[in-house]
Amino acid sequence: GEDVEQSLFLSVREGDSSVINCTYTDSSSTYLYWYKQEPGAGLQLLTYIFSNMDMKQDQRLTVLLNKKDKHLSLRIADTQTGDSAIYFCAESKENSGYALNFGKGTSLLVTP
Amino acid sequence: NAGVTQTPKFRVLKTGQSMTLLCAQDMNHEYMYWYRQDPGMGLRLIHYSVGEGTTAKGEVPDGYNVSRLKKQNFLLGLESAAPSQTSVYFCASRRQNIEPLHFGNGTRLTVT
Numbered sequence: 005g006e007d008v009e010q011s012l013f014l015s016v017r018e019g020d021s022s023v024i025n026c027t028y029t030d031s032s033s034t035y036l037y038w039y040k041q042e043p044g045a046g047l048q049l050l051t052y053i054f055s056n057m058d059m060k061q062d063q064r065l066t067v068l069l070n071k072k073d074k075h076l077s078l079r080i081a082d083t084q085t086g087d088s089a090i091y092f093c094a095e096s097k098e099n100s101g102y103a104l105n106f107g108k109g110t111s112l113l114v115t116p
Numbered sequence: 011n012a013g014v015t016q017t018p019k020f021r022v023l024k025t026g027q028s029m030t031l032l033c034a035q036d037m038n039h040e041y042m043y044w045y046r047q048d049p050g051m052g053l054r055l056i057h058y059s060v061g062e063g064t065t066a067k068g069e070v071p072d073g074y075n076v077s078r079l080k081k082q083n084f085l086l087g088l089e090s091a092a093p094s095q096t097s098v099y100f101c102a103s104r105r106q107n108i109e110p111l112h113f114g115n116g117t118r119l120t121v122t
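The listed protein sequences correspond, in order, to chains A and B.
Numbering-wise (my numbering), the first sequence opens with residue 5 and increments by one.
Numbering-wise (my numbering), the second sequence opens with residue 11 and increments by one.
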């Protein structure tokens, strides 16, 4: 199937902003999602955005959506060491019971 | 309210053995999904169910079978395990098809 693309690694210093980018494939996806996975754990929903929105802000998290380019980004302000994890973006696939189609994940490393 | 519970958490099988992974949710969700996660591959959909008594194939269904006899349970079976099935298996559920997925904590399976 078609791939949701993400860069694999990002390293930032504590206190800086992190921006994780994603290109998705299905323009009919009603919502687009960001999940976080810490080592040895399951996936935790961070935030999601309705496809007719351009931006959503939730505390330190800002999601930007460019529907024309099928581009999604997640900005984490004032990044902390506890934000070190793998971040997945996901789209919804109507032809698979609306299952989420995930990117391969971006591994974020926050250094002191 | 336990959410999505997967059992067992860990298992080691020999090639050719069979086993069943259990996913249980107590949120009265209609939709349930099985994914596998492998390094560098992200999450790939194995099978899914859009309601009690229904199942369908996802992206990587070969070597697996599923059943959804009760709404709250979604079972994933391996009839004859192969080393290529060494993976971390995640179950997820949701109430409606536009809602986020709720994930279990995963089952780590090693096939030797």
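Just so you know, the hints here were simulated from the structure itself, not pulled from any lab data.
Since the model is a prediction, treat every value here as computed from it, not as a measurement.
Don't take every hint at face value.
[Unchecked claim] Below, simulated SDA-like cross-link-like pairs (lysine to any residue); rule was C-alpha separation at most 25 Å, straight line:
1. A/K60 / A/E42
2. A/K60 / A/R79
3. B/K19 / A/S111
4. A/K97 / B/G13
5. A/K97 / B/A34
6. A/K71 / B/M29
7. A/K72 / B/P110
8. A/K97 / B/K67
9. B/K81 / B/S94
10. A/K97 / B/P110
11. A/K60 / B/T64
12. A/K97 / B/N83
13. A/K97 / B/K19
14. A/K108 / B/K19
15. B/K67 / A/N70
16. B/K19 / A/A45
17. A/K71 / A/S11
18. A/K108 / B/G50
19. A/K40 / A/L12
20. A/K74 / A/P116
21. B/K81 / B/A92
22. A/K97 / B/N115
23. A/K60 / A/N70
24. A/K60 / A/S32
25. A/K108 / B/I108
26. B/K81 / B/N107
27. B/K67 / A/Y35
[As the list claims (entries may be wrong)] Output of the computed footprint for chain B on chain A, the stretches with three or more beta carbons under 8 Å from beta carbons of chain B:
28. 41 to 54
29. 73 to 84
30. 97 to 103
For each residue, glycine too, the CB sits at the ideal point set by N, CA and C.
Practice problem: Check each numbered hint against the structure and report the violated ones by number, ascending. | Solution: The structure breaks hints 6, 9, 11, 13, 15, 20, 21 and 29; every other hint is satisfied.
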